[in-house]
Every structure is written in C-alpha cells, then in structure tokens.
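Each chain, written out:
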Amino acid sequence: MADNIPKTPKLDELEKGAWPSFVKEIKMAAKRSPMAGDLLGQLEQSYTEKIGYWKHGGIVGVMGYGGGVIGRYSALADKFPNVSHFHTMRVNQPAGWYYTSDALRKICNIWEKHGSGLTNMHGSTGDIILLGTRTEELEPVFNELQKINFDIGGSGSDLRTPSCCLGMSRCEWACYDTMKLTHELTMHYQDELHRPAFPYKFKIKCSGCPNDCVASIARADMSIIGTWRDDIQVDKDAVREYAARGMDIQKDVVNNCPAKCMEWDGKVLNIANEYCVRCMHCINVMPKALRPGKDRGATILIGSKAPIIEGALLSSVFKPFVKIEAPYDEITDLVDKIWDVWCEEGKNRERVGEFIQRVGLGNFLDAIEMDPVPEMVSHPRENPYVFYEEYYEEDDGEEEEEES
Amino acid sequence: MADNIPKTPKLDELEKGAWPSFVKEIKMAAKRSPMAGDLLGQLEQSYTEKIGYWKHGGIVGVMGYGGGVIGRYSALADKFPNVSHFHTMRVNQPAGWYYTSDALRKICNIWEKHGSGLTNMHGSTGDIILLGTRTEELEPVFNELQKINFDIGGSGSDLRTPSCCLGMSRCEWACYDTMKLTHELTMHYQDELHRPAFPYKFKIKCSGCPNDCVASIARADMSIIGTWRDDIQVDKDAVREYAARGMDIQKDVVNNCPAKCMEWDGKVLNIANEYCVRCMHCINVMPKALRPGKDRGATILIGSKAPIIEGALLSSVFKPFVKIEAPYDEITDLVDKIWDVWCEEGKNRERVGEFIQRVGLGNFLDAIEMDPVPEMVSHPRENPYVFYEEYYEEDDGEEEEEES
Amino acid sequence: MADAMQNRRTDYGPPHYEQFLPPIIKENYGKWKYHEMLKPGVMVHVSETDAKLYTVRAASGRLLSIDKIRMYCDLADKYCGGYLRFTSRHNVEFLLTKKENIDPLIKDLDAIGHPVGGIGNAISSIVHTQGWVHCHSAATDASGIVKCVMDDLIEYFKETKLPGKLRIALACCLNMCGAVHCSDIAILGIHRRPPKIDHANLKKMCEIPNVSASCPTAAIRPATVGGNPSVEVIEEKCMFCANCFTVCPAMKLNDPLNDGVSIWVGGKVSNARHEPMFSKLAIPFLPNNPPRWPEVTEAVRSLVELWAKNARKYERMGEWIERIGWPKFFRMAGIEFQKEHIDDFKHAGLTFKRSTHLTF
Amino acid sequence: MADAMQNRRTDYGPPHYEQFLPPIIKENYGKWKYHEMLKPGVMVHVSETDAKLYTVRAASGRLLSIDKIRMYCDLADKYCGGYLRFTSRHNVEFLLTKKENIDPLIKDLDAIGHPVGGIGNAISSIVHTQGWVHCHSAATDASGIVKCVMDDLIEYFKETKLPGKLRIALACCLNMCGAVHCSDIAILGIHRRPPKIDHANLKKMCEIPNVSASCPTAAIRPATVGGNPSVEVIEEKCMFCANCFTVCPAMKLNDPLNDGVSIWVGGKVSNARHEPMFSKLAIPFLPNNPPRWPEVTEAVRSLVELWAKNARKYERMGEWIERIGWPKFFRMAGIEFQKEHIDDFKHAGLTFKRSTHLTF
Ligand code: SRM
Ligand code: SRM
Ligand code: SRM
Ligand code: SRM
Ligand code: SF4
Ligand code: SF4
Ligand code: SF4
Ligand code: SF4
Ligand code: SF4
Ligand code: SF4
Ligand code: SF4
Ligand code: SF4
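First to last, the protein sequences are chains A, B, C and D.
Each step along the first sequence adds one to the number in my numbering, with nothing skipped, and position 85 is 85.
Each step along the second sequence adds one to the number in my numbering, with nothing skipped, and position 164 is 164.
Each step along the third sequence adds one to the number in my numbering, with nothing skipped, and position 156 is 156.
Each step along the fourth sequence adds one to the number in my numbering, with nothing skipped, and position 37 is 37.
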C-alpha cells in the first residue's frame, strides 16, 4: 500500500549518497506500517519548519515494570494520527551484541505485528530500541518478548542496561571476561534495573582493557576497565620482525609512550614496567609482539556523565586493581555500598559523580568505609584549606575527635 | 651594654650551624639597641610557649603617605617595654637591588639612630624592610631617608612596590630592560603606590625571560615576562662543541623540549621554531650555543596571588607579545584600563585575578575594550553552557542584541 | 492486576550471550593471540589454537527497518552460519570462518547499500541520537546530519589513510545522549534563545519550585504573569541548557529561528598514549539547514582534513592540537576566536593560559 | 599639618638604579653574551666586548643587623669598588672584575659566617617571612625553621650535585607571604583549631557583618554569646584559613597546642620545560618543635634526597613526580596517603584521577 507514503521532497534528498539512508529504512517500513508513513510525514514537516513535533512523554509502561518504555506523543496528531502515539521500548541486548539470525528474525516478527517496524540497533546505552508503538500494544509486545526470553531494559532513575565491549569473545587484549561480568551484573540487579528507585540514573559499562571500546570512562557511573599488574609480555623476535618490516620503533612506539619508560637500541626493546601506565599504545601498534601481562584484572572508576547539570565528568579511579572472578561479590558489595549512601543522601537528579563532588571524596569514602589511596587522585590538593578533624583541648594532652 | 641582652637558652641553639644565624644578628643589634634586646626576650618566650606575641597592627604612618608602614605592638609590653612599639617601614629598593657601600651605610646610620638596627634585605615583595621602631620615630626616619633620596614602598590596598630580575644588567637572556621598566612604572605610579585607593593590593613584577627569576607569574597581579617572536639564535659549531665536551644533546636537550620541536642527528641541531614555546630549556643548558631570538619583547600576564581567599592563582596570558620600549604608554594604558574597571566593580579585598574569574574573562575584556585571543586560554571551553548574546525575534529577520 | 502479576514472568533478564556465539568463538574464547587488518573493514583474529576468525564490518545507519535486519540475517545465513553482531558504534559485523566468503559478502553488502570499512585508522560510524525522529528535546535532527556528514566522508570510512582513529559523535541537545563530550569531533545541537514560557499552563503542568530549582544558573524565579502563577527567566543568566524544559514542558526551548549546531574537537576516550580528554568548542554556531546541512558537512570535512594533513602518525585530533597549541589550531583552521570560546562556567579560571608557553 | 605638607618632598620615588651599577655593568649593559659557573657560588658573565664580570654569591639570613650590612660594605670596598647587590632570594652578590679577588673574598665571607654557593643545580636560600619575629598571624616561626633546615642542607648549597635547581620556601601562615605555593618544597605554618572568639570585645573591635563575610566557607554567623553581640563558628565548616582573624583581632587562631607545619612539594615557577606548577600537599602536619624543629628538617632532607637519588637530569621535583606518578611518590617517600591529601575545595573534582594511567 505504497499510496500510504506521503510526498517527502526534502527527505528524498537523504536517499542520495553512499552512506546507508535512514529515509530508505523508514520508507521500507512505511510500505507496511501506516505509523512509519506518518512518521515520514511529520519528519518532512520538521525538515521544512526546522523543528521537532514530539511532545513531552507521559508515563507509559508495562505491568510490573517501572521503566523500559519512553512515552512519546505527536504534537501533530490531527495531521498524522498514526503517530499520535509513538512510544519506544528498550529491550535489554545480549551482552556483546551478538545475535543469531534466528533470534533477530523473531524480534522482527514481533515488531512487524505490534510496532512501526523501525528499530535502533542499538541505542547509545546499548539496548535494542523498538522505535514507535501505541500504548495498547506495549503489553502484547512484552508478552511476545517473554516467549523468546528477551526482557526489558532500563529507563528513568534506575540502573540502566549495562553494556560491554566484546572482550574475550574476539579480542586478544581482554583482561577479564567483560561479557560474563555484564551478564551476571544485569541478572543480579534485575529489580534495580526495572524499578526506578534511585535519585537518578546509574550506568555500568565494562571494557576489557584501557582502550575502552565501550567508552565507559566517559558515560558510565561505574566504569570497569581491564588492566594488568605484572609486566607486558614481549616477544623480542616479533619486535625485531616489526622493525624489519619497516616500523620506526623509536618514533612510532618509544616516543609515544606517555610514561617515557621504553628504550630501543635497534635490537632490543626495553620496558621499565614499574613506570608503565598501561596505556596500551605499544601493544596496540605491535599486537603480534606485545601483550598485556598475565596478572590481569580491572580498574574500577566512578562517576562519568554528560554535562547536565554540573558539567560533564569522566569517571575517576575508585579501585586501582581488582581481580574479576565469579562470584563477583567484591564488585556487588561495592555497588551496594555506593547505592546505599547515594540513595540516602543524593539529591533528586544528582548523579553519583556529582554527589561525590558535593560531599567530598574523602567524606564519601568514610561513608562507605573505604580507605583513600593515592591512585584516586591525579595529584594531592594544591590549596591549604584542609579540614583537620582533630585538635587538642587545653585540659587534655590527648588528641580529641572534634564532634562533627 | 651587653647586660641588656637577656638569657636566651632556646635561641642560643640557633647560633650553631653553618647557615648564617639571625639570632647572632639580633644579638649584634642588641649590643646597641634595647629594642633588639627586648625582641630577643620576647622571641625566647615565643620559642618556649610556641606562640607569637604581636598584636594586630593599628594604623600608623608618615605624613602625606597612606602606606609603607606596618604598625606592630607587643602583647607583652609590660615585660618587654622596648618593643611595645615595633613598627616596620618598607623602603622602596632600587630596581635590581643594586647598591653602593656608600648608600647602604647611609641607611644603616639612619636606622642606628632611629630604629632597632635590624632589617630585612629584602622583604619578599622586594622592599628594604626597616624592622622595628616607635611611632614617634617614623617622621624623623622619613626626613632622613628623604635627604638620601630613598622613598617609602607600598602597603595596604595600593600598588605594591614593583620589582624585577636584574635583566640586562647582568643576564644575557634579558628580552627587555626590566630594571628600566620597573623604575619608570614605579615613578609613573607614585601616587597609587603611596595612597591606598584600590579594592586590594596590586603587584607588578618584571622578569626578563621565561625563566622568571622574580617569580612574577606566581605572585604579581601583573607579570611582565620577556620573550621573543623570531627564531632562536643558534651557533651550530658551539652546539657541536657541547656535544664534543660530552653533553648528550638528544637526552638532555631534545627529549626535554616540551614542544617536541627539536631534532639532533649527531651533527646538526634543528629547531622547528614555529612550534617552539619559548620555554628556555635548550638555551639554559647551552648558553654558549643558543640565544633567544632578536625580535624581543614580553608577554603580559594577569592575576597571580596567594590562596587567600579563593585559592592561589598563577597569572594568565593577557597580551601574548608586546614590544617594551619607552615611553611605556601601551603598558600604562593597559594598567589604567584594568584599574578603572577593577576599582569600579571589584569587591573589597578582591584581587584582580579573582575579580576577572568572578565576572568572566570575556566580560572583563569587553569592559576594557580588548579582543579575545586564543593565547589567553590553555584550551577553549569544554562545557556547552555558552551565553550566546543575540537571537532572532519572530517579527524580524535581523539578528538582535538581546538587551542585557 | 495482582493475579495478572502472579501468572506472569518478570525480571528474567536478557538471553545469555553464549547461545549467540559462533562455535569458533566458543572454542577460542579468551584464547585469541593477535589480529591483523587484511583490508579496510576486514580483519582476522588468530587464536592460540591457530583458528582464524574473519570479521567483516559494514556501515549501518543504526535506524533500521525490520526489513533491513532480515536482509542482514539472510547474509549471515548465507556466509557465516547465521552469526552476526553489532558494535558499540552501531556498525554490523559478520563473523566468518571461510576466508573465501569475504569478498562475496562485501559485494552483497555493497549491493544493499552498506559499505564495508571503519576498522583501523579510519572514521567509523557517527554515534548519534534521536533528533526529530523521536525526541522532544532536539535542537536539530540526528540521523539527517549523520547521513550528510558520512556521505561526504565516505572515503575515510572505506579506506584507512588517516594518521589514527577519528571518532565523530552527534547529540541533538545538551543532554548529550551520544556522550559526544569526548569525541575527536562532536556535533552538538544547541538552543540560543531563553525558554518561551507557556504561562497559562505552567502551573497545571509543573511544580513551580522544581522549575526554579532546575536552573543551574538560577535564572528562573517564580512570578505571576498575566494573572497566572508562573515563572520568569532572567535572560542574561540563561545559557540555554534546557534543563528547565526537561522538568517542565511549559518551558519551551525549541525554536526554529535560533536553534542550530556547534562543533567541538579534540576529545578522546581511550587511554592510549594521552589520557582521555573532553572535546573543546571549535565553532560556536552553524545554522540548521536541512535536508543537507552543507555548512556542517563542510566544517567537519575541513577539520578532518586539517588534522589528516598535519598530525603525526597515531596522533588523535586532541593530541595533535595539544602539541601545536590552540592558537595555532585556530589560525590554521581559519576559525575566529571569540568570547564564546572562553569558558565562563564553574572552573573557568583553570582554562586560562597560566604560563608563557606560546608560539608565534 | 597642611604647611608641614607644603615644605616637604613626597613621591620622589626610589633612587635611580644606575648610580649603583659598577662601571663594567654600565659599559656592558645589554651586551652580555653568555655565562659560566666557575665553581659553586661563583660565575662569570662574558660580554660581546669580551669584558668579564665575576659574581660571588653568599648566603644571607635576610634578617640582617646594620652591623652585618656594614661588614658587607667593607668587603665590597675591599674587593669590588664598593659594588654589591641582593638577589630575589635574598642572597648577597659581590660583583668583581678581578678574578684574583674571588678566593680572598670567599675566605673573608666564610670568616663572617656567610658560605658561598647557591648557583646552578643547588639549593638556594629559603624565601621566607616574618614569623614570631614580627607578625601577628604566624602559626610558626620563619627564621628559626629556615636556619635549621639550611644548616642541615648546607652541603647542597655549597655544592652543585643535584639533578636541577631546588627551591624551598616558607610561609608562617596561609597568607603565604613567601609565595610558597609554587616551590619545589614548601614549608607552611598552619592552624588546626577554629578561632577562639573574644566575645566580650568582638563588637568593639570589628564590624560583625565583615567578620561573617570574611569566611570563605560561610562558617561564621552572627550570634549573641553571654549577652554580647558577637559571632559563632560552625566548627565542621572551618578549615583554619585565618581570614577572619586578618579582618578581626577578636578571632584568634594562634594556638600553641595545635599550630604546626605542613609540607608541600612539586611546585615550580620557571617556564623551563614544564609549565609553572603549584606545590601539592605531601605531609599534612608536623609539630612546632622549637628551637630546632627536628621533624621538619628530617622530613625536608629525606624529600630532597629522594628526589636527588631518583630524578633524571634537569628534572625539577614536580617534573619527576609527574613522570613517576603520585602513588609511586607516596610509596617511595613512605608517606601515608590520607583524607587530608584529597582536595575538597572548589575545583576538587578536577584533581581526581580520570584515566586508567596507573602504575603497579
Ligand atoms: C534513546 C537514547 C538516545 C539514542 O538514540 O540512543 C536516549 C534518549 C533520551 N535520553 Fe539519553 N538517551 C540515550 C543514552 C544516553 C547517554 C549515552 C549512554 O547511556 O551511554 C547519555 C550520556 C551518558 C550519561 O548518562 O550521562 C544520556 C544522557 C541523557 C541525559 C543527561 C543525563 C545527565 O546526567 O547528564 C538526559 C536528561 C535526563 O535524564 O533528564 C537524557 C534523556 C533522554 C530522553 C529520555 C529525553 C528526556 O529529556 O527525557 C531521551 C528520550 C528520547 C526518545 O524520545 O527516544 N539522556 N542518554 C539513548 C538510550 C538508548 C538505550 O537505552 O540504549
Ligand atoms: C613583610 C612581608 C613578608 C616578609 O617577611 O617579606 C609581608 C608581611 C605581611 N603580609 Fe604579605 N608580606 C610580604 C609579601 C607578600 C607576598 C609576596 C610578594 O609580594 O611577592 C605575598 C604573596 C603574593 C600575593 O600578594 O598574593 C603576600 C601575601 C599576603 C596576603 C594574602 C594576599 C592574598 O590576596 O592572598 C596577606 C593577607 C592580607 O593582605 O590581608 C598578607 C599580609 C601581610 C601582613 C600585613 C599581615 C596582615 O595580615 O596584615 C604581614 C605583615 C607582617 C609584619 O608584621 O611585618 N600578605 N605578602 C612581605 C612584604 C615585604 C616587602 O614589602 O617587601
Ligand atoms: C568492535 C569494537 C568493540 C565492540 O565491542 O563493539 C572495537 C573493536 C576493536 N577495537 Fe576499539 N572497538 C570499538 C570501539 C572503540 C571505542 C569506543 C567508541 O569509538 O565509541 C574506542 C574509544 C575511542 C576513543 O578513544 O575515542 C576504541 C578505541 C580503540 C583503540 C584506541 C585507539 C587510539 O589510538 O586511541 C584501539 C587500539 C588501536 O586501534 O590501535 C582499539 C582496538 C580495537 C581492536 C583492534 C581490538 C582487537 O584486537 O580486536 C578491535 C578492532 C579494531 C577496530 O575496530 O579498528 N579500539 N574502540 C568497537 C567498534 C566500534 C566501531 O564500529 O567502530
Ligand atoms: C640572581 C637571580 C635574579 C635576581 O635578579 O636576583 C637569578 C639569576 C640567574 N638565574 Fe634565575 N635567578 C634568580 C632567581 C630565580 C628564580 C626565582 C626564585 O627562585 O624565587 C627562578 C624560578 C625558580 C622556579 O622555577 O621555581 C629562577 C629560575 C632560573 C632558571 C630555570 C631553572 C629551571 O630549570 O627551572 C634558570 C636557568 C638555569 O638555571 O639553567 C635560571 C638562570 C639564572 C642565571 C644563570 C641567568 C644568567 O644567565 O645570569 C642567573 C644565575 C644562575 C643561578 O643563580 O643559578 N634561573 N631563578 C636570582 C637568584 C636567586 C638566588 O639567590 O638564588
Ligand atoms: S576494550 Fe580492549 S578488550 Fe575490549 S575490545 Fe577494546 S581492545 Fe579489546
Ligand atoms: S603500555 Fe603505554 S605506558 Fe606502557 S610501555 Fe606501552 S606505551 Fe608505555
Ligand atoms: S629572568 Fe631571565 S633575564 Fe631575568 S635574570 Fe632570570 S634568566 Fe636572566
Ligand atoms: S626553548 Fe624550549 S620549546 Fe623552544 S626549542 Fe628550546 S626547549 Fe624546545
Ligand atoms: S540528545 Fe537530547 S534531543 Fe537527542 S535524544 Fe538525547 S535528549 Fe533527545
Ligand atoms: S535553559 Fe537552562 S539556563 Fe536557561 S532558564 Fe532553563 S535551566 Fe536555566
Ligand atoms: S605569612 Fe602570615 S604570618 Fe608570615 S608574615 Fe605573612 S601574614 Fe605574617
Ligand atoms: S578560619 Fe577561615 S574558615 Fe575558619 S572561621 Fe575563620 S575564616 Fe572561616
């Protein structure tokens, strides 16, 4: 029923060019779905008027879940009735975003029946985004997802769907099993993931090494990034082989080492591992010759987020090195402690990173009963405004806790 | 009259050791000055009780001057009557701290007659500090200083006594005449120096090159630091000479270049001057071979200060490069403009660096009618919170100044 | 409802990934030894068992119809036992064990309009967000600009002729769902006009105290307007973050006349060489000019090429600029340095140049 | 008074420096070509005219009696035509034209207790302040600690066996008159107890609003105590800066029981190699232990020697620590990392380690 597809002279311009065209995708879907058709219509108007026509989403959802659906209504419902509702469902992806054609086809079939036929593979948190359906379709979609064992992802002030790099499944540098950890954590925290009860959202992302292929340090309240404690594994011959094949080891490798801890005499590459900051560069450029050490684990960092509202943050070191082995009690204990304090004291819409800055890292560590370590800071304080917590009273020789 | 000297078992410990002893100095003075004697007594008590015994200074001074004297009274006046008053006078040093024995002796004679006989050569702002006299002696001291043409320095919320490195007088790296500029500015601003009328103190320090031998970037509201625009002068043979005499040019020079803009092939040292950040290192280590370029001037920076109360600041670039040639109108014009705005809008006890941070550098530049240049920042903003100052209204196609 | 809840499963979580892994990965899980790029978009991972896994990565628009997903499935069935995955930048990857299947697969992918590439020193897909397709906050469209920019930069996706990786991201408003704040080049939708307040309905829709509280710069204060209890905005204090709109629909920021795009450069995420960095403001404003946003594509291309031409091998955009200094960057890029570039938020003073390390 | 003003000169300014310059400097002003260190404390500057100026630098306690100044004058007359100067670190320099005068001068200087040195890769005098000798704010003495530390480090003043320059400074309170905030090693007098308020007299001596306003952490609020209009301090909010005391004598911070010294490291001023840096907190507290402050001298010496032993040539303290990382520094120095080390002032978040660049 192609007649359902409106004229879209502006959008048609976006069918041209070498990059895959989302307009073509919507048009394909529109062949079957009036909803996709009206989406085209409304989008064409946005392209003409240079403004979006979506209203603030109301609360819609699935029975027994507090999150996972983003309600969306059109401001042009009269003109485009088929997108009067255009909610999205966030479906928890399998760790590592691996699929079989079989599994994907099942999802497609559900979405053909109950939705616009449009998706995002994936949302930038990592979920499968089923893009656009009506309120009354939410339950049916969920019922069918259940049958194929796909569950809903996070939204609102809850644990958001954790995600990870593919790690050991296809990468020689993975310092721990990112997919296993991500899956286990997701299962362990199903309630927190599905029922918003935090001051604000909380995201967990797992990368297998400091290359950080899921950008966890930039966009996860907890970033778990693989690293190693012992020496980089070096295959000396393979190094010479790289040199022989024309790599300028001095320029390309040694001079780029941020720790200035490498030496190359034309024959042997020496690494002063005690100064190596595990940046990965030398390993990245000589994958056949160098490998991370054998004593592997991860650095746990806390608090990254986008700018709203106190300014963007990168995660900062919280545990310099932890072994990542099942059962993951050390990690879940830490997560639980952090949540306890944050849920207790955090303001509404205050991310954990902002919270820690407000109360002070030192005080936060006290609250979760953790000792400070120098790895947590890039450098100690520069200002002399130290809150010394004890002082002597005249009457006593004893150092007294000031009551605070 | 050595009997005037009290027993000081604690202080006597500080007569031992290889470093010059201030206790010996005070004792020498005490032979002649009861004031110095009582200082010893009070100081011994401080050393015993671990606390100072000076009271907040009241306002004392010299007729016609608002600053230059730090009033000081003892809290133990009954016990040590000769330091009941113990004011210091700040005397403006000659630029570069050069003296003849003749001039120094004259100062000593005055201070023998009218003061404790103790001094600081010099105070950390740069003044000659005449340490300790009575209120009624202030005028006589000034009258005698007048005769030998020494004038009073700054204190309070005024221009503080400017100081400088010795520059061209003895240093091959001076990129401008620091002593001349310092003297001229001091003369030009006598009124501002002697009569506090600012929100807070304002300090000017002049260094002849980026080595910054008066630490101007750390402790001057205006730091004037010599630099050059053209290429470093290289004597290639002299470089080879250094290498021949055992200097490891690659390690000691090239690898320490912060701009990574040097190359050494064992024979010729190549400098990519367009990337050189004028740090001085290579010149410092090979003074016979390298020299600053010929097109010399200075970078003017603004705002450094100690921590009280918003936290310590280093000066930041305000004018990347100015030629420093008499008459120094370009500099005095800039100083005047800055003072106008700061005196108008600055809060009480707000240094100019704190002021600029409060109102915003961009707004401050607008106020003094200066254009922003990228040299003023280490990098552009990272947060998206931009105060765009104009927007279109529906009715017009014109971009409109929002009234603000 | 209660019983409805009983006889219904919840919180069973995502399917276990293992069932989706091809046999070769199950067998060599954690045993990979090294990898090599065979050609643009194609790499091989070699295991300690000498097993070889070939990955073919194809561009994907991320916004996919089920029809397209089904086509992917067909190709996966045809060439690699039905196994495929998506990447953290939303490309699709096919996991092959038969080397001879690589070229036919690439041919088929090209045929359905999905070029292969993005591996190694290339530009990969642009991480992006919803824009006018689905979000109420958008100051610009997401998919449209991404399409235009990538059409223009396609050569850098298909080939690996760059000094290092270059990551582009787009977010259609300051919420930055694309987490663009650490990208080599970030495209950010922005508002430039204070909220237009729906005074008549604000009280109905929102809690006035929450609305005032939502403003980072305290620009919002309660006020009665035209008899309605509402709020007013001190315009000079507004920097258009739209946080008030997020908490209250009556604070409308979207505005065709003034919305547009800003360009940011020099961010990175990886710890390779330089520590992660935020992106910094390069171009404060470019107009929304659909459908092809020529100003934006032009600006991005010239930034990419400036970097490609001048950076040293392995130098990411931000590492290069840090070495040559921002003043040089602005001069080389021909971008005028303006008041907007100077930080004036909380930590502004720390961005001032507090040394004489300057180039001339 | 008015007439008194008339017949009196003011604002004539300091004497012109030229009259104090030795002829050789007048002749070669701006013509110096290079310099060389001949031996510790002695250097020669060579002019384009081939003229040679020999500088002999001697330690000076800065706190000088006129008697000592007169001795300097005698030596200047004896060896260099009466010409001398003081340095920005308060050493005294004699400006010679006759090489043969160098050694006798050094002998005479030693005789009056002023060792020669401090040039090149040495420790020069400690920039310092008034302390108990003259200031009401002092949390410790200045001259005393300086004397003890330099007695202990004298070898590093007299010889040049260090990797680079090492600058030590001392300030006796947070006002930091010594501008210690950018020193390789900074010794800082600190209070650790909230102000003891003289409620009976506060109103007489100070403006209550000014007092409250003076507190950076808003710890002070107006209160009536024992019938007196005064102020109270919220103890947990006080970080002992003494700014309230500076504006009001009734807010006493000085306290023998709790005052002491903190040690800071890694600052620098010059632009050589690394940009200027602030010093960072190494040791939060050491007791005031006059007359010889053994804990302080011991701590400073071990920091100096740790650096001397491990730094690369030309690496200043801060440059060395930055290369090896602060965690290593704390471990090597055997200093326990505590809550006090973690910044919690305005820009605290920016001091957190926001990367995985760690050593183990
Ligand atoms: C769908 C998605 C964008 C996409 O196209 O991929 C998205 C869409 C929205 N985000 Fe987001 N965010 C999405 C990933 C992100 C990310 C990236 C990430 O998670 O890795 C970020 C930055 C990282 C972070 O969390 O800081 C992000 C930071 C925000 C923020 C700012 C939060 C902050 O603390 O700064 C908001 C504003 C808010 O929460 O009110 C927000 C709010 C929103 C809302 C709900 C709009 C709103 O104001 O309520 C958007 C709904 C759009 C719609 O109608 O579909 N979204 N949002 C992403 C979720 C898909 C998925 O589940 O996989
Ligand atoms: C004498 C001297 C220390 C010395 O022994 O050398 C000194 C002594 C005092 N300074 Fe200072 N300052 C002295 C150089 C400095 C410097 C260093 C410099 O000028 O290069 C600084 C740091 C740089 C700066 O200006 O930020 C300095 C930063 C302060 C401050 C903090 C100002 C700030 O904005 O952070 C105060 C507090 C105040 O101004 O109320 C202060 C206040 C004081 C007072 C007046 C005490 C007070 O609270 O009123 C001291 C009088 C002590 C006395 O009884 O003699 N002094 N003061 C120095 C002046 C001698 C001279 O004129 O040559
Ligand atoms: C497939 C993917 C992980 C996943 O689970 O999906 C992945 C896979 C690989 N990454 Fe990555 N990275 C992936 C996203 C990332 C990201 C995250 C992002 O872009 O949002 C980063 C951080 C980017 C940044 O710093 O802004 C990332 C930074 C790296 C780096 C560091 C590059 C650098 O010099 O900064 C390397 C090392 C290298 O390329 O030499 C690397 C290396 C690799 C290797 C070679 C690892 C390996 O041995 O298999 C993989 C293929 C090379 C390639 O793609 O060029 N990967 N990689 C992601 C592919 C995204 C895409 O479709 O393009
Ligand atoms: C005499 C004096 C200037 C004055 O007008 O009084 C001076 C004189 C010289 N300085 Fe300086 N500097 C003087 C204070 C400084 C200061 C300020 C300070 O210490 O408070 C600094 C900044 C210190 C810092 O960075 O914290 C300073 C940083 C330098 C540097 C850079 C050293 C570095 O690597 O960071 C050099 C270059 C060098 O030594 O190679 C230098 C070099 C020199 C040279 C070699 C310049 C020359 O060619 O004559 C002079 C003698 C060498 C020496 O002393 O080792 N001068 N020099 C000051 C002597 C103070 C003293 O008695 O020790
Ligand atoms: S983060 Fe490391 S382990 Fe994970 S995919 Fe990237 S390179 Fe491999
Ligand atoms: S991993 Fe990075 S820091 Fe370590 S040796 Fe290699 S390049 Fe240097
Ligand atoms: S600052 Fe430069 S010019 Fe001045 S004395 Fe030091 S080195 Fe010489
Ligand atoms: S002055 Fe500094 S930046 Fe310039 S070339 Fe020499 S070492 Fe490099
Ligand atoms: S970035 Fe803004 S407009 Fe785009 S999806 Fe996220 S919230 Fe919506
Ligand atoms: S847009 Fe942001 S700054 Fe402007 S009023 Fe709303 S919340 Fe405040
Ligand atoms: S540092 Fe403090 S105590 Fe020392 S002189 Fe300056 S103000 Fe006085
Ligand atoms: S010492 Fe400083 S922080 Fe404490 S009350 Fe006084 S002003 Fe406030």
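Please keep in mind that the hints were generated in silico from the structure rather than gathered at the bench.
Quick caveat: nothing in here was measured; it's all calculated off a predicted structure.
The beta-carbon is built from N, C-alpha and C at its ideal position, and this holds for glycine as well.
Be careful, since some hints might not be right.
[As the list claims (entries may be wrong)] To list a few chain B residues with every Cβ distance to chain D over 12 Å, as calculated:
id, residue
1, S46
2, T125
3, R229
4, D333
[To be verified] Derived Cβ-Cβ restraints for the label pairs, each shown as a range:
id, chain 1, residue 1, chain 2, residue 2, range
5, C, R221, D, R312, 55 to 63 Å
6, C, R331, B, I59, 49 to 57 Å
7, A, N255, D, G120, 51 to 59 Å
8, B, D248, D, E159, 54 to 62 Å
9, D, K33, A, K260, 31 to 39 Å
10, C, K33, A, N270, 17 to 25 Å
11, C, K99, A, E263, 50 to 58 Å
12, A, H188, B, E393, 52 to 60 Å
13, A, Y275, B, K55, 52 to 60 Å
14, A, E344, D, K196, 32 to 40 Å
15, A, D230, C, P23, 31 to 39 Å
16, D, D110, A, I368, 53 to 61 Å
17, B, P327, D, R312, 18 to 26 Å
[What the hints assert, rightly or not] With a straight-line cut-off of 30 Å between C-alpha atoms, the simulated DSBU-like cross-links for lysine-lysine are:
id, chain 1, residue 1, chain 2, residue 2
18, A, K319, D, K204
19, B, K16, D, K309
20, C, K33, C, K196
21, B, K236, C, K328
22, C, K346, C, K313
23, B, K201, D, K204
24, C, K339, C, K237
25, B, K251, A, K236
26, A, K260, B, K267
27, D, K204, B, K16
28, D, K237, B, K319
29, A, K147, A, K236
30, A, K251, C, K33
31, D, K52, B, K288
32, B, K288, D, K98
33, A, K267, B, K267
34, A, K319, C, K31
Numbered hints the structure breaks, given as an ascending list: The structure conflicts with hints 1, 2, 7, 8, 11, 17, 18, 20, 22, 27, 28 and 29, although it agrees with all the remaining ones.
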